[in-house]
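Undergrad: As a plain string of letters, each chain reads:
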Amino acid sequence: MPDVILKNLPFLLQGLWLTLTLSVWSIALGTALGLVVGTVRFVRLPVLNAAALVYVEFIRGTPLLVVLFITYFALPALFGYHTTAYRAAVLGFVLFIGAYLAEDFRSGLRAVRPTLIQAGLATGLTRWQVLRFIILPQAIRRVLPSLFNQYVRLIKFTSVASVIGVTELTGAGLLVNAREFQPVTILASIAVVYLVVCMLLSLAGRALYARFAVRT
Amino acid sequence: MTYQFDWTPIWEARGLIAEGLLVTVAVSAVSLAFSVVIGFIVGGAASAGSRTMRGLALLFTETMRNIPLLIHMYIWYMAFAFLRLPAFSCAVLGLSLYSGAYVAEVVRTGIGAVGRGQIQAALASGLTRLQAMRLIIYPQALRIIAPSLASLFSQLIKDSSLASVIAVAELTYQAGAIDGQTFRTFEVYITISLIYLVLVTAASQLVLLIPGSRSEAAAGRFADA
Amino acid sequence: MLKRLSTPLAAAAVAIAAILAAAPAAHAQAPDTLAQIKQRGKLIAGVKFDTPPFGFLDEKNEPAGFDLDIVRGIAKHIGVPVEFVKVTSPTRIPLLVSGNVDLSAASMTHTIERDKTIDFSITYYTGAQALIVPKTSAIKGLKDLGGKQVSVQQGTTLEKNLAKAAPDAKVVAFKDYNSAWLALVQGRVDALTGSVNILQGFQKDNPNFVILPERFSVEPFGIGVRQGDSNLRDAINFALMDMWKSGEYAELYRKWFHADPEVPVEVWP
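Residue numbers (the working numbering), protein chains in the order written: chain C, 1 to 216; chain F, 1001 to 1225; chain U, 2001 to 2269.
Everything labelled a hint here was simulated from the structure, so no lab data went into it. Here a beta-carbon is modelled for each residue, glycine too, at the ideal position from N, C-alpha and C. Hints are all accurate, no fakes.
Listed next, the in silico DSS-like pairs over lysine-lysine satisfying Cα-Cα at most 30 Å (straight line): (1) U:LYS2060 / U:LYS2255; (2) U:LYS2076 / U:LYS2255; (3) U:LYS2148 / U:LYS2164; (4) U:LYS2060 / C:LYS156; (5) C:LYS7 / U:LYS2204; (6) C:LYS7 / U:LYS2255; (7) U:LYS2135 / U:LYS2170; (8) U:LYS2076 / U:LYS2060; (9) C:LYS7 / U:LYS2060; (10) U:LYS2245 / U:LYS2038.
With beta-carbon atoms standing in for the labels, derived distance ranges: (11) C:LEU20 / U:LYS2160: 41 to 47 Å; (12) U:LYS2245 / F:PRO1009: 40 to 46 Å; (13) U:LYS2204 / C:ALA51: 54 to 60 Å; (14) C:PRO145 / U:THR2136: 52 to 58 Å.
Isolated chain C (complex conformation) (with noise of 0.2 Å):
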């Protein structure tokens, strides 16, 4: 291992963990969002699909800095709380994530056969049984390896916390090159460390899908 990457190790390491943790949360937060918000669009409950839609248009066309700079600068001074770069993080992330989870649960959803659904409702089910016994089971399989790509995707941006001053792997790899000048090496190593995370959750996704795929 390099001598810079020894040196500072433990500096380094930590920086790792918030990675992971910084994913986890959004990950399990965004996911559930993501859900509830997907199936809001898909059932179309009155009042709250167009807030949902509201929501889901304006995150998926705005980048992941800015929404970042609205979660640590804009909402805290909007309505006067206290936040850590952290906690806005993961706000970002999750509120970031959510609206693409959104969309993914509500095309699975949309993609179950409906005589799967009428067949449901034949033998007495009510409505929501069905949605929750047979419709979403199914699309969640269904939407399985769109899942795993949007988790991927979000470990990759939690880079982007870097910059409103979280110290994860990449903020943590920075400030240890600011002082060090060994910009090869760092980034080189925090590269490899991307890669490795990220190739094993694919894997893991595609492991899961196997099992799990619905056979149509």
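Mind docking chains F and U on chain C? Use the hints.
TA: Below, chains F and U without anything else, positioned relative to chain C:
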């Protein structure tokens, strides 16, 4: 905490916003061109007969796609600093390689989607493999992938905001500058969000100008790249 | 195309309307951060992590610097521990205004322009602006800057001062001091301008660069607090005065700048 809205400083800074907008469009357009070229080359290689070509293509796409875009830009800007590339070029290089890998995937599936019979017929009528690709397969693949290109352009416009970090004076950078002078944080960032929204929507419509692409299934407006 | 534009634009309009409606109505109430700090039991200070010797990361990647030591003294005076949050020149005021930090001790010059948005403590450091160039450079002073590229940090008084002092120079602004310094090291710009002690911090480990003797503009540094935050501002001022009277200030000054303070901290009877 009180917050008084004041939009006038934003209006007064409209010159800076316009400049930033121009640079954003420039970065995105140039990167789009390069991405498509890279995508077609690598996508073509990924569909080639030779195992080595396919392997190299796979290596390229996996590496480029799994490294965050920010790291791409920093690598050109800091690690390759001896090349003395201006920040604009570093941003374009990073964006092109990153997006090019995604285009390559789309091109690969696009080429696969063009009927097998096409390439057999082309080769049978005496064209070389290269000619067959260039004259028959690529144009059809282009039409098939056109909707994805629309979302690619939209995605590039959003990704270009990262160029602000290496001091390219595009839209997000100017927003930071205006915020630094006027301290109208909320107004500044909401304004540029709206501008990005308009840009992205416009961009996704433009690519549908490619002849024949309207008949293809329209993909979503935004990429999941 | 207009039809497709209408959905996202409508979306944006509704979003803004919703936010404007939800935001609390403007009311004239002065913030009392000091009470908040005491209640919370912790002072949250915005400092630089990339501007030696005011705020930077040391060999062990721990935050250190003159600003931090001053803030530690202030926190001791208030009687709470302190937590440091990283800021950069462009973010040191927005983060203060948004309430993410209680004060900003970030090599910040007290200017009349900035006083419109935030309030400042008394001056705790007086610096001067200077230029740093590679040893081999032909630039010997402000007059040689015509047509040359000078890097500077975005959001500082330095940008405007340089524009006034050397109107023919091309100014390149960066998001943080480090990027501006790297630009000089990598040869992307011909010179870097900044407060003289900051330039000394960069030059310490880099003897290939020399700080030009010319000084232009005077930079009185102040600690930033929110507009109207009197109680906290008083606490900071009294702490600074105590530190001067006890000699602690002069010690810190010598520790970080290797010289005695030329301009004393003002002391009120």
